[in-house]
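Enquirer: Letter by letter, the chains look like this.
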Amino acid sequence: MAAVARVKVRRPGTGRVIGDRFVGRALRIYLPLLVMLVVTLFPFYWMAITSFKSASELFDFSVSPLWVREPTLDWYRHLFTQTNFPRWAFNTAIVAIASTLISLFCSILAGYSLARLRYRGADTIGWGIFFLPLTFVIRELHLFNNLWALILTYPTFLIPFCTWMLMGFFKGIPRELEEAALVDGATRIQAMVRIAIPLALPGILAAALFAFTLSWNEFLYALIFMNDSLVKTIPVGVTQELIHGDEFFWGELMAAALLGSVPVAVLYSFFVDYFVAGMTAGAVKG
Amino acid sequence: MASVTYEHVTKKFSTDTTAVDDLSLEIRDTEFMVLVGPSGCGKSTALRMLAGLEDITAGEIKIDDQVVNEMPPRDRDVAMVFQSYALYPHMSVFDNMGFGLKMRGSTRSEITSRVKEAGRILRLDQLLARKPRQLSGGQRQRVAVGRAIVRQPRVFLLDEPLSNLDAMLRVQTRIELQKMHQRLGTTFIYVTHDQVEAMTMGDRIAVMKDGVLQQVAPPREIYDQPVNMYVAGFIGSPRMNFLPVTISDHKAKASGLELNLPKAPGVEHGVLGIRPEHFLPNVSDADAAIDLKVEVLEVLGSDQYLYGKVGSDDLIVRVDPQLKVDIGDRVRLGLDMQRLHLFDAGTEKALF
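Protein chains in written order, with the numbering used here: chain P, 1 to 286; chain F, 1 to 352.
It should be emphasised that the hints constitute simulated quantities derived from the structure, not laboratory data.
Note that the Cβ used here is the ideal one computed from N, Cα and C, for glycine as well.
There is no bait here: all hints are sound.
Cut-off 30 Å, straight-line C-alpha distance, at most; resulting in silico cross-link-like pairs (DSSO-like, lysine-lysine):
1. Lys131/F - Lys171/P
2. Lys171/P - Lys12/F
3. Lys131/F - Lys116/F
4. Lys171/P - Lys102/F
5. Lys251/F - Lys309/F
Under 8 Å between C-beta atoms, here's a sample of chain F residues computed to sit facing chain P:
6. Arg74
7. Ala79
8. Pro89
9. Arg104
Here are the in silico distance ranges between beta carbons for each label pair:
10. Pro174/P - Ser113/F: 28 to 34 Å
11. Pro89/F - Asn145/P: 45 to 51 Å
12. Thr187/P - Asp336/F: 55 to 61 Å
13. Ser261/P - Arg130/F: 41 to 47 Å
One chain only, chain P, in its complex shape (with noise of 0.2 Å):
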């Protein structure tokens, strides 16, 4: 765009050219581009500046709300000392975690196979397994209150979801690069190992982080398995106990929020590549 900007510029007679071009470009592209910034982060200028303003504070609609005049880190010591929350934030991550590397595990196996081997079935996948009765499994197997109801219902969701992401990956990869291990004397494991997975280590890291996302924000299963403060994951400890009746605790509520959203945010600015060419590669290939 800018070669384009500067070729424009050497015409005699249309000096005006760049200044129109600039408020075009301006009123097209950046124009729409800050009003959907300010609408995305709006919530989480809010909750942040909430979770530092007093209680004082919070309540005076004497002055704007818009900025913090006396910043406090109350909340956020309350948060540590009165409630639970570095429990559910150590409970989330273990969730999160393990369902992530049980999901990897079987989806990589999964979309390889799926991918790769010639068997009756292989071009359809399943969805049913969504509509487990899960409530009675757990119940079943005694794990309610325990954070492997958790660990263990994730990759229903996760498995099918990463295992049709990973399939598209591995489907990118040539099949001679395998037919020449297997050749040069690997199993198919060891070729699916040395070679196939190496080179879907894009689509494996954005499979891992969407599926470590959603088991850190899933609400549903943890609010119906975990009734014990102790184990309680981060979005239902926080929605079930810094809030009461009609009492909430905005200050907590929006310091829990805080801390609870920084490692995904920190996860996607990192892989924030990999995940959209993973959402891409995915979109296509499915």
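Got chain P; can you put chain F on it based on the hints?
Expert: For chain F alone, kept in the frame of chain P given last:
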């Protein structure tokens, strides 16, 4: 070092697609065998069955005297060079070449010495640390060959290894592969659609069409005595001229010529085959001569080709480049009766 035997081998991908149909072929120890044919003729499938990458629907493939139908690829001790080279993109040249040895449990020092040796032979010694994407097409091709030779396999399989190279490099690499074959003294099976590669490289050539083996013979014999019109037309460039003729006893009559055949073929409708290079500048026998009406000239420096008509039939003729010819001229040329072919118009089989 090993011999390879195909015994009535058939490959069906589904009930109505047969890629290879009842192939029987014996490849001798240390032989350079070329499988040649147009795309889709089953030559690559035949090779892939030998490598163990495709199941065999019927028949048996043997390496030496051992049936390998059910043997996994890794146990067959063959090496393959793929058309796309199939280099492992995430590994260095060294690791690519050493992968097979590593999979077979060779020691690190053995891998290093064998890879270095192959690198020296293939002029890759400076490139061992590079990744495939940092190499040129020709270098990649050499790495693919290198990956095959470090293993010292019993049989080399090459699936169109030159078709991704530009014309000059292809000729050069062709010669290098032949030297490699002489140096290694290993059985080579080479798949190509290029009849020039087949003619120049093969100890013997197997011509395939639609999954069916047409003829196996040394290049000279394939050229001189093709068994049918397909082989006659496929080998040789420009391709052999075919003139439909009606035959009565010893006489064959085309639209623009009439000649006496050396013997009575016993069929009524035939096809006369004569290669562009088998016309004679001087007519000695009045019967074996044609009048060519020249329509197009191609002067290549070393050769001159005349495209024209005899009667109503198209004909290509190679003549001395010094011969002065213009478009529209009528040129009188002799036929080399020793080199004449006659095919049965119905079965397309060679009569002589």
